[in-house]
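Position chain B relative to chain A; hints supplied.
Chain by chain, the residues run as shown.
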Amino acid sequence: MKNFLEHTGIEPGRLHFSWISSAESTKFVDVVKKITHEVKMLDPANKRYVKTEPKVD
Amino acid sequence: MKEYTEKIREIAKRLLNDGTVDMVIGFRKGTLPMMNQPHIATCTDSADELMWDSNCGLNLANYVTDRKEKIGIVAKGCDSRNLVTHVIENKIKRDQLYIIGIPCSGMIDHHKITAMFDTDITSVKESGESITISGNDFSKKLIKQDVLCENCAACTHRNPVEYDELVADLVEEQTDVDPYESVTEIESMDAEEKWNYFEDLISPCIRCYACRNACPLCYCPTCFVDESTPQWVGKSQDPIDVRTFHLLRAFHCAGRCTDCGACERVCPMGIKIREFTKKLNKDCLELYGWEAGLSLDERPPLDTFKTDDPDEFIK
Chain A
1 MKNFLEHTGI EPGRLHFSWI SSAESTKFVD VVKKITHEVK MLDPANKRYV KTEPKVD
Chain B
58 MKEYTEKIRE IAKRLLNDGT VDMVIGFRKG TLPMMNQPHI ATCTDSADEL MWDSNCGLNL
118 ANYVTDRKEK IGIVAKGCDS RNLVTHVIEN KIKRDQLYII GIPCSGMIDH HKITAMFDTD
178 ITSVKESGES ITISGNDFSK KLIKQDVLCE NCAACTHRNP VEYDELVADL VEEQTDVDPY
238 ESVTEIESMD AEEKWNYFED LISPCIRCYA CRNACPLCYC PTCFVDESTP QWVGKSQDPI
298 DVRTFHLLRA FHCAGRCTDC GACERVCPMG IKIREFTKKL NKDCLELYGW EAGLSLDERP
358 PLDTFKTDDP DEFIK
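Protein chains in written order, with our numbering: chain A, 1 to 57; chain B, 58 to 372.
So that you can see chain B by itself, here it is in the shape it has in the complex:
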């Protein structure tokens, strides 16, 4: 990962120096282990803060919405797909972007790692495929592959789909994984079990909206949950309000979600929010053969009409 960091800094400095871009959006070391922060470098000094490791799971496409400057942006597979989605949805122009592509080998799941230990983790060090977790009175070596985020472990688009420059050679894409395994499992339940499954899933939700804030798709000037005239959804923690929020949030991402996992990563309660969006992704793939963010030239299924669109649902 050190090579990635050095290469990112080198590219960022070059772009800032020759005026290709006004800023470079990337990551810097966070104040807590496994919590890297998004960082906007506007001069070569602050470009030295840019870095890369397996804790860069946030989606940086979230920070380019409606910007007018020329932007250099560090993008792994999912970020690049969200950048494509942004371009398609007119939230940024392609020629404003200089995409620094990161061939990605997956991000580690801080929820999973934190749950493995009883005491606080004070440092997480990474070398190659192993990760050393240490605290005040312990130190343990883990294999990165075992603690990958669920979406990374089943990712089929690790390489950026759109980029101007790569920091390293492309990595091999995974082909023997099924991103929709859990969806298939839920599909086989009956209605009552499904209802209860989702009831349990979202019961810890505190309606903090971190999932919405971290999501690059959620760029509405006023979100439906914040509107008061009319008030679309109650603000309480009543199970019905919570479910309404989750259903609507997910449906707003239909045909747009790239399964980057930012929502799950930021959830303070560790809710598997992707269970909602994954079903929509699976439907989009099965009904329209569509995966979000793979091409700048194709319109998404929900904003086009074809005479052979599936219509079994309507009588």
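Chain A on its own, in the form it takes in the complex:
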């Protein structure tokens, strides 16, 4: 799925997968920090996948 989305134009680094047990709070914090950092390094996603208002021609 990661391959597929990146194939259709989602930048590498925007999509993250992780397996975190409910007991691994520290891992959760670390992963979230890492993800937010990495995603902030990329430019804004140009509102891709965010619908704002109906498009009228």
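Please keep in mind that the hints were generated in silico from the structure rather than gathered at the bench. This structure is a prediction, so every number in the text was calculated from the model and none was measured. Hints may be right or wrong, so weigh each one.
[Unchecked claim] With a Cα cut of at most 25 Å, we get these calculated DMTMM-like pairs of lysine to aspartate or glutamate:
{"id": "1", "chain 1": "A", "residue 1": "Lys51", "chain 2": "B", "residue 2": "Glu238"}
{"id": "2", "chain 1": "A", "residue 1": "Lys2", "chain 2": "B", "residue 2": "Asp105"}
{"id": "3", "chain 1": "A", "residue 1": "Lys51", "chain 2": "B", "residue 2": "Asp360"}
{"id": "4", "chain 1": "A", "residue 1": "Lys2", "chain 2": "B", "residue 2": "Asp298"}
{"id": "5", "chain 1": "B", "residue 1": "Lys251", "chain 2": "B", "residue 2": "Glu230"}
{"id": "6", "chain 1": "B", "residue 1": "Lys372", "chain 2": "A", "residue 2": "Glu11"}
{"id": "7", "chain 1": "A", "residue 1": "Lys2", "chain 2": "B", "residue 2": "Glu183"}
{"id": "8", "chain 1": "B", "residue 1": "Lys329", "chain 2": "A", "residue 2": "Glu6"}
{"id": "9", "chain 1": "A", "residue 1": "Lys51", "chain 2": "B", "residue 2": "Asp283"}
{"id": "10", "chain 1": "A", "residue 1": "Lys2", "chain 2": "B", "residue 2": "Asp257"}
[Said to hold, decoys possible] Covered by chain A, per the in silico footprint, the following chain B stretches (three or more residues, Cβ under 8 Å):
{"id": "11", "region": "253 to 263"}
{"id": "12", "region": "297 to 308"}
{"id": "13", "region": "333 to 340"}
For glycine and all other residues, C-beta sits at the position ideal for the given N, C-alpha and C.
Just chain B now, kept in the frame of chain A:
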């Protein structure tokens, strides 16, 4: 192709007469050129309508889902792989099926042929490897090989993988073709180019869902696009809704798609929808060594777990 037609009729009549099957699913001549219709023959009279030529590109596995009768079905390579997928997914039992195997030499691309002419085509005749297209004031001979559907031109499974009887001798499989040529090309683009490529690709989409309806894999009682509680995807033609539909539709086919090309064949806008599923097919082949529908005894990669499954994507 005349021999194929005669043989199909002969087999269908025999099966219907001796009660081996309750119906034979095949093709009959369509009302428009290059548009053959699926046909369900339940008596020997209607078996006479069955026929075969290079316009039988729809996937007949679509018509056996959840049926309880005994069914004779005409199947070329891709149909037979989808029948195997149906059996694996418990949508039909193997012993309900009598598969009439068609060694296939490819189907012709009606989008391509229609685009070649400015006026309406009124008849398409086929003899051997040549195809004669004619309209009101023209007639042109084409070579079948030049107007094959893209998936047929790069097909590596022309012979049925599972069958009870063949209508002709097996054909030679193509080995010097690369079905994933266009995928490799897209892979070499950067993220922005990829995004724009797919944006252009699906921009003509009118959300008619013909691709879903023609696909033998799309048998959910209620499709995610039709559900309203919850509504998974917007019904508008907003580029984001259109893309969401195409991504999800393709991903539902991951590890199951046989690249039969039915989706592209029925698309009224001529969108190359297979660009999505082809990437998933290529990934399945590279990551799991899997091609859909080749064996009744193997489970598909997305419903099994192995400790050595590739996991580079997860941290």
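Practice task
Please name the hints from earlier in the document that this structure breaks, with their numbers sorted from lowest to highest.
Solution key: Hints 1, 2, 3, 5, 7 are the ones this structure does not satisfy, whereas the remaining hints hold.
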